[in-house]
Amino acid sequence: MNASRYSIVISYSEQDQGFLADIPDLQYCTAFGHTHREALDELERALAAWLQAARREKKPIPEPRLCFAGAEM
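Numbering (the numbering used here) for the sequence shown: 18 to 90.
Fair warning: there could be bad hints in the mix.
[As the list claims (entries may be wrong)] Computed spacing ranges between beta-carbons, pair by pair: (1) Pro77 x Gly35: 28 to 34 Å; (2) Arg73 x Gly35: 27 to 33 Å; (3) Arg73 x His51: 26 to 32 Å; (4) Glu31 x Arg54: 16 to 22 Å; (5) Arg73 x Ser28: 17 to 23 Å.
Worth flagging that the hints you see were computed from the coordinates, not collected in a lab.
Built from N, CA and C at the ideal position, the CB exists for glycine as well.
Please construct the entire structure, taking both the sequences and the accompanying hints into account.
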């Protein structure tokens, strides 16, 4: 399973001086990167770890429910 199944929110944080990436459907599945691409790459790793932990703990994995496409500059 990859992050492309889920809606991803990437925003710039002035406070952190970098990009925050989040999958709203998966609680606590977030990542940080100094670039947009780095945040997305880190989110892929976070997703893999999130899914591995959910399976290990026999917790349900939510189906994607949000659908959003867009950008704000």
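So, going through the hints one by one against the coordinates:
no.: 1; hint: Pro77 x Gly35: 28 to 34 Å; result: 32 Å, holds
no.: 2; hint: Arg73 x Gly35: 27 to 33 Å; result: 30 Å, holds
no.: 3; hint: Arg73 x His51: 26 to 32 Å; result: 31 Å, holds
no.: 4; hint: Glu31 x Arg54: 16 to 22 Å; result: 19 Å, holds
no.: 5; hint: Arg73 x Ser28: 17 to 23 Å; result: 30 Å, violated
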